[in-house]
Amino acid sequence: MKLVTAIIKPFKLDEVREALSAIGVQGITVTEVKGFGRQKGHTELYRGAEYVVDFLPKVKIEAAVSTDQFERVIEAIEAGARTGKIGDGKVFVYDLEQVVRIRTGETGAEAL
Amino acid sequence: MKKLFASLALGLTLCFGSAAFAQTAPAADAKVEAKAEAAAPATAPAAAPAAAEAAPALVPNKGDTAWMMVSTILVIMMVVPGLALFYGGLVRSKNMLSVLMQVMVTFSLVTVLWFIYGYSLAFTEGNAYIGGLDRLFMNGIWDNAAGTFANAATFSKGVVIPEITFAGFQATFAGITCALIVGAFAERIKFSAVLIFMTLWFTFSYLPIAHMVWFWMGPDAYTAKEVVDEMNGKAGMIWQWGALDFAGGTVVHINAAVAGLVGAFMIGKRIGYGREAMTPHSLTLTMVGASLLWVGWFGFNAGSALEANGFAALAFVNTLLATAAAVLAWCVGEALMRGKASMLGAASGAVAGLVAITPAAGNVGIGGGLVIGIVAGFACLWGVNGLKKMLGADDTLDVFGVHGVGGVVGALLTGVFNSPALGGPGFVADWTTATMVTAADYSIAAQVWTQAKAVLVTIVWSGVVSLVAFKLVDLTVGLRVSEEAEREGLDITSHGETAYHG
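Those sequence lines, one after another, are chains A and B.
Just so we're aligned: 40 in numbering that gives the first Met the number 0 is position 41 of the first sequence, and the numbers increase by one with no gaps anywhere.
Just so we're aligned: 452 in numbering that gives the first Met the number 0 is position 453 of the second sequence, and the numbers increase by one with no gaps anywhere.
Chain A with its partners taken away, still in its complex shape:
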């Protein structure tokens, strides 16, 4: 099992969600985060006080998927999130040790 994590631009969330649904990913967790990579921040000005804001708002998506599925999941995320401009984001894949469905107690692949 793998935990696929992706940092994407916020306005791309709907496209990514649809792309994941299309390949059968049933559930995801979404968090609002901020960060930066190569995409530059912006400057804010309040009267005389100037602030350089490096952090940009992003969205983090996490999905627990089966090992044979995760490559398609990465493709789906890439397709949904890509704009071609700097700041599109990254996908990280972690090995998932254990998954439990709380309602039923199912574990492992059945809980995905």
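A few of these clues could be false.
[Stated by the list, open to error] Using 30 Å as the maximum straight-line C-alpha spacing, the simulated BS3-like pairs for lysine-lysine come out as follows:
no.	chain 1	residue 1	chain 2	residue 2
1	A	Lys8	B	Lys339
2	A	Lys84	A	Lys8
3	A	Lys59	A	Lys1
4	B	Lys452	B	Lys233
5	A	Lys59	B	Lys93
6	A	Lys33	B	Lys339
7	B	Lys268	B	Lys93
8	B	Lys268	B	Lys339
9	B	Lys339	A	Lys84
10	B	Lys233	A	Lys39
11	B	Lys224	B	Lys156
12	B	Lys93	B	Lys470
13	B	Lys156	B	Lys339
14	B	Lys93	A	Lys33
15	A	Lys39	B	Lys93
16	B	Lys339	A	Lys39
17	B	Lys224	B	Lys388
18	B	Lys233	B	Lys156
19	B	Lys388	B	Lys93
20	B	Lys470	B	Lys387
21	A	Lys59	A	Lys33
22	B	Lys339	B	Lys93
23	A	Lys84	A	Lys33
24	A	Lys89	A	Lys8
Think of the hints as simulated: they come from the structure by calculation, not from any bench.
Position chain B against the provided structure of chain A, taking the given hints into account.
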């Protein structure tokens, strides 16, 4: 121990005050208070008409009285919630409630002190610097047994409003002036320090300056040429100089701004100032606050005419036009300087224009108002940028940059645009006949110099009083919260609350 002593002192003062409230009126008194036109409202109990002339007792004009009551309400709205939100939106969310508290409670404290002794010391006959105790606890302002109310003069002979209405109107001025100051040292001052400082500063700076600039015997006291010198001699020192301050450029704005700046210096910068981000948490609320200030200011300026007449209408229109011009000027200035006009800039521009037109509102023509607004917009933009850097203090909400610079600009330009040659009404040259100065006799240079003297006295007086008051507070309860408290936020540490959850 120090804290206990300080709180006790404050508490006892208030207790004595409230216990001694009296309503008994001196017999058959028709106290007439008047405000100098062009100068701000100042009143003195004048001799009852029972004297030389067999004048009928003056009856308050209902339209004027109604307008004054509405104006009072508008000024209250300027403070709560206007100023509170304007300031509050500019601080970090962890300090929002502390700003709202400081504004609201300062206003309440000063209002109470006003009705105990403030009104009397500002607006009764005393000497050139301060009034007397004739109206201590509002003594004599109405006769509850007879059901009669004392009168206050306006700027027109034979026209009066109830003195109690005048006192209420002026109470809000005292309150808002003190509330203005808190912006300079927001996010780090101790709440008790604010209250004790305000009590001292209100008593020793606001009251004397209000008396010096605004107190006079009223138009009805000037019955004949022979009494003119005597009546002039009873007025406040700055009034006698002939300084013009319609609604409080010196008394309110410069006075408060200097106190704020001194406070900012003495309290020191916020932790992390210049390094950490201290962005406004809600410019939306700041705009709401600025808008309430603008709307309410019509009461502040036009109400200072004390009548619902042409000069109130002039002040009204100037308050509209100068402010709009200042908004534009600030936006243009910012766009030129940084490439973008900002919401905070527009809101600040509005306040700058309002501050500058305050001394000028009924004292300049419409063209003069327009110019004052434009100049104030640019001047205060510099005030919060260039000047702020030069001064080097952490004047958190730019009290000096806006109210100080705007107040000085407005006060000086009042001397220019009051001139009949520049569309202004001029001033009353002879109160016996209520004749205005002619264009030929008007010297702009002389008037601007008079204005400058008033500005200088205000700056020095407020500066010295503030210095001493802050020092006293520092030695008793301490000015600043602890570093941990400042980091965590004043809302939680000073007031046990959060403004926003989650």
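Right, here's what the structure says about each hint:
no., hint, verdict
1, Lys8/A / Lys339/B, "holds (26 Å)"
2, Lys84/A / Lys8/A, "holds (11 Å)"
3, Lys59/A / Lys1/A, "holds (16 Å)"
4, Lys452/B / Lys233/B, "holds (20 Å)"
5, Lys59/A / Lys93/B, "holds (27 Å)"
6, Lys33/A / Lys339/B, "holds (25 Å)"
7, Lys268/B / Lys93/B, "holds (17 Å)"
8, Lys268/B / Lys339/B, "holds (28 Å)"
9, Lys339/B / Lys84/A, "holds (25 Å)"
10, Lys233/B / Lys39/A, "violated (67 Å)"
11, Lys224/B / Lys156/B, "holds (15 Å)"
12, Lys93/B / Lys470/B, "holds (27 Å)"
13, Lys156/B / Lys339/B, "violated (52 Å)"
14, Lys93/B / Lys33/A, "holds (21 Å)"
15, Lys39/A / Lys93/B, "holds (28 Å)"
16, Lys339/B / Lys39/A, "holds (19 Å)"
17, Lys224/B / Lys388/B, "violated (53 Å)"
18, Lys233/B / Lys156/B, "holds (18 Å)"
19, Lys388/B / Lys93/B, "holds (26 Å)"
20, Lys470/B / Lys387/B, "holds (23 Å)"
21, Lys59/A / Lys33/A, "holds (9 Å)"
22, Lys339/B / Lys93/B, "holds (29 Å)"
23, Lys84/A / Lys33/A, "holds (18 Å)"
24, Lys89/A / Lys8/A, "holds (10 Å)"
Hints 10, 13, 17 from the earlier list are contradicted by this structure; the remaining hints agree with it.
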